[in-house]
Amino acid sequence: DAGVIQSPRHEVTEMGQEVTLRCKPISGHNSLFWYRQTMMRGLELLIYFNNNVPIDDSGMPEDRFSAKMPNASFSTLKIQPSEPRDSAVYFCASSLTTGNTIYFGEGSWLTVV
Amino acid sequence: GDSVTQMEGPVTLSEEAFLTINCTYTATGYPSLFWYVQYPGEGLQLLLKATKADDKGSNKGFEATYRKETTSFHLEKGSVQVSDSAVYFCALSLNTGNQFYFGTGTSLTVIP
Numbered sequence: 077d078a079g080v081i082q083s084p085r086h087e088v089t090e091m092g093q094e095v096t097l098r099c100k101p102i103s104g105h106n107s108l109f110w111y112r113q114t115m116m117r118g119l120e121l122l123i124y125f126n127n128n129v130p131i132d133d134s135g136m137p138e139d140r141f142s143a144k145m146p147n148a149s150f151s152t153l154k155i156q157p158s159e160p161r162d163s164a165v166y167f168c169a170s171s172l173t174t175g176n177t178i179y180f181g182e183g184s185w186l187t188v189v
Numbered sequence: 104g105d106s107v108t109q110m111e112g113p114v115t116l117s118e119e120a121f122l123t124i125n126c127t128y129t130a131t132g133y134p135s136l137f138w139y140v141q142y143p144g145e146g147l148q149l150l151l152k153a154t155k156a157d158d159k160g161s162n163k164g165f166e167a168t169y170r171k172e173t174t175s176f177h178l179e180k181g182s183v184q185v186s187d188s189a190v191y192f193c194a195l196s197l198n199t200g201n202q203f204y205f206g207t208g209t210s211l212t213v214i215p
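Residue numbers (our numbering), protein chains in the order written: chain C, 77 to 189; chain V, 104 to 215.
Heads up, some of the hints might be wrong.
In silico contact screen, one side only, chain C against chain V (beta carbon under 8 Å); selected entries [claimed, not checked]:
{"#": "1", "residue": "Ser163"}
{"#": "2", "residue": "Phe167"}
{"#": "3", "residue": "Phe180"}
{"#": "4", "residue": "Gly181"}
{"#": "5", "residue": "Glu182"}
Simulated from the structure, these hints should not be mistaken for lab results. Backbone N, C-alpha and C fix where the C-beta goes; we use that ideal spot for every residue, glycine too.
Between the sequences and the hints, there should be enough to build the whole structure, so can you do that?
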């Protein structure tokens, strides 16, 4: 079975550019999570969706960050404009509400220079 | 609020040593408890889980028992290998709302 699929795996971009990270959750899962991981702050929940609806976006750092889930099989996390402090690994994860196990993608490694 | 606290790292052990990584939790309801492992350059993978008090989760020689009386879910392995070198995360999920709470992670290095 395919797991959570994220793209791109690695991205290097210049400060001020727009970055779009993509995620395809596991088929049939109805919850989707975006996390950010850095050495300084560890693993942080940015936002999560249930049935394509954003439930909690309190972890989104500022207005430069936005996330969408237009359908059950696709989500994006956008940073515009990007800044060097956004450099991190961004993980997408999905779960079945009733299953309570969360499955992670391989991550998108973002470097903003 | 709901949270997970796990022991600070990094932890360095010799091969075949006994491993314990402590994890305690605070929850308003009856959570499910998890251990995730993250190998270098990879995402987090489920290692084991337990969904109710006194349950024992086990996988790949790792074990953890859900202790309601001490609100703990300590990870143990009797004999670690170099390949166990990774970061280990304790987590809880409430059975309502599907929110997950992760600990800060404990880095383990096993030396030959």
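Fill in: Broken hints, by number
As far as the earlier hints go, only 1 is violated by this structure.
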